[in-house]
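Student: The lines below spell out each chain.
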Amino acid sequence: MVAIEVNGLTKDYGNVRAIESLSFAVEDGEVFGFLGPNGAGKSTTIRTLMGFQLPTDGGATVLGHDITDRSAMIEAKRQVGYIPAEMGFDEGVTGERFLRYQASLKGDTRSEELLELFDPPMDREIGEYSTGNKRKLAVVLAFMHDPDLVIMDEPTSGLDPLMQERFYEFIRDEQAKGTTFFFSSHILSEVQKICDRVGVIRNGHLVDLEDVETLLERGGKRVSVHVAEPAEPSAFAIEGAHDVSVTGDEQSAQPTAADGSGNTQSADGGEDTSSGRDGTSVSFTYTGDYNALLEHLIGYDVLDLDIEDAPLEDVFMRFYGEVDPDREPSTVGRQADV
Amino acid sequence: MTLDVLRYEGEHRLKSALGISVAFTLLAMLFVATAPLVTTNVAASAQFKQIMTELPQPFIEAFGLQSMTSLEGLLAGEFYTLMWAVFFGIYLAYSAAGSVRGDIDEDRMDVLLANPISRTTILVETFLSLLVPVLVASVITPAAIYVGTLFIEPSIAVEELIMVHVLSIPYLLCCGAIGLVLSVLLNDKDTAQNAAIGVLFALYLLQSFIPVTDYGWLANIAPMSYFDANAILLEGTYDFTSAGILLAATLVLMAVSQFRFTRMDIQ
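Those protein sequence lines, which keep their order, are chains A and B.
Residue numbers for the first sequence follow the numbering used here, so the first one is 1 and each next one is one higher.
Residue numbers for the second sequence follow the numbering used here, so the first one is 339 and each next one is one higher.
One or more of the hints may lead you astray.
[Said to hold, decoys possible] Computed far set for chain B versus chain A, every beta-carbon distance over 12 Å:
hint: 1; residue: L375
hint: 2; residue: L469
hint: 3; residue: L499
[As the list claims (entries may be wrong)] EDC-like, lysine to aspartate or glutamate: derived pairs with alpha carbons at most 16 Å apart:
hint: 4; chain 1: A; residue 1: K134; chain 2: A; residue 2: E86
hint: 5; chain 1: A; residue 1: K106; chain 2: B; residue 2: D342
hint: 6; chain 1: A; residue 1: K134; chain 2: B; residue 2: D445
hint: 7; chain 1: A; residue 1: K134; chain 2: B; residue 2: E444
What the hints contain is simulated information worked out from the structure, not anything from laboratory work.
Think of the CB as a built atom: it goes at the ideal place given N, C-alpha and C, for glycine as much as any other residue.
All chains, full assembly: derive it from the sequences and hints.
Tutor: Right, here's the structure in full:
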């Protein structure tokens, strides 16, 4: 049984084609990540699946219900939880009052338990909530009727890292109980952490559909290292490093700042360029083994080191190249049921 | 149907309903308090009588001058025709125009539609929540007027006072329904609300001034033509046919709104 089946789904907004011929399926009990940069068509897909808008072409089913059939979708929503990107909760009422309202509409079997895990200030007015608190309330509201399928549009934006971890853990627990998840994200590491499979969307097209291990290999980190000594790009041509770029004072022996390298310290004026803070900035995307990277770095006098997730757009450029929105995607993933 | 949306939205309207009621009560008190002065001194004066004989008849009617000789006339000609019918009508149209469109603009509609609830239910119950200000003001205002008249010389016929409110309800709902249609037809909350004010005011002007022209029949499209406070308060005649027409118009406008709302994309 499939929880969500999408078949050639297309949605135009006037002259703008937001999504085109999307086809994939989300299996029962899996956590499916819908990954893409901002503006790729993730929200359009989700809003169409929720029945907020009708597709221009193609169709889809949610828990077996046709998304274009309004009364069928009412049935479907008894078993669907939804976390919207924009949390449009009434600002003028307390969290408690709003929760009671939502409970009257869809039922409430577990809000107490959820409020212990995620604890938004229920007796305060929602208008006073921070984004993080609104997120917590959104999670409680999405799960309070114990849904079989939860659709989430960028659910962790605005949650602090600790709460994000709690949320990921919660998703794993829920999945173990059989709940299916479909959620969008533009953060690769998030998708890597909790998803079984990932659909990659770009410019309204599904460009790839793969399991998360494959994606893990493709992700990579953005490494920025500041070393004291001069370095050539070729010195960082280690395995797994891509797009190496070197900036900074490559001839640090020269005391003059007129080397035109764009070194920020020399541009500041008044900075002593011969001080120990001078050096070379090297940055690259790294997809190789971390031990190899650290062993390589040990040969340098490292002044600063920053390793973070590679921006999604970089990853996409590297692996999928430019996608012409007017062209049919040539890659895999036209049909997902394997 | 458990009316959850109606109960929630109605609760939201309670505060403004009380505010509206207080405002109307104060206005009505102004009329009641000045009534003895106006009806005895002004209306009985020689100048006033002279004006009444010199002015053309349509003019006297347009300004409700003949009604200035009694408390009922004052209330009917000024308070109920202008304050209650026009301003309350505009307020309800304005509120209704902001309701659905406002929920869409501020992303509340997504949260609501994520629940197992039909769009028709949402629309109908949101509209019916307008009954809260209508009913609250329709109880408080006449009650206050009645109590007020206990302290002045001219008294007021209670039955007619109640009936003017009862028969104004279909009229007020019709004004709200005009706002509801604008709410689902226009793409922006402010536009819908401004349009509601404009349409209602235009209809009022149409009803006031077009009857003396050759296109008098055009006044029939204005809901104000179907609510005549003068006839109720001065003559004690209740026009239930007109009330029926207003209710029918309300239902037609709701059907148009429903047709549109159930088919539109929520973006």
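Student: All hints are to be evaluated individually against the structure, with a verdict given for each.
Tutor: Hints versus structure:
1. L375: L375/B clear of chain A: closest Cβ-Cβ about 43 Å, beyond 12 Å.
2. L469: At about 19 Å from chain A, L469/B clears the 12 Å cut-off, so the statement holds.
3. L499: Label holds. Min Cβ-Cβ 35 Å, cutoff 12 Å.
4. K134/A / E86/A: Cα-Cα ~10 Å, so holds.
5. K106/A / D342/B: 10 Å, holds
6. K134/A / D445/B: Given that 16 Å is the threshold and the Cα spacing comes to 14 Å, the pair holds.
7. K134/A / E444/B: 15 Å, holds
Comparing the model with each earlier hint shows no violations; every hint is respected.
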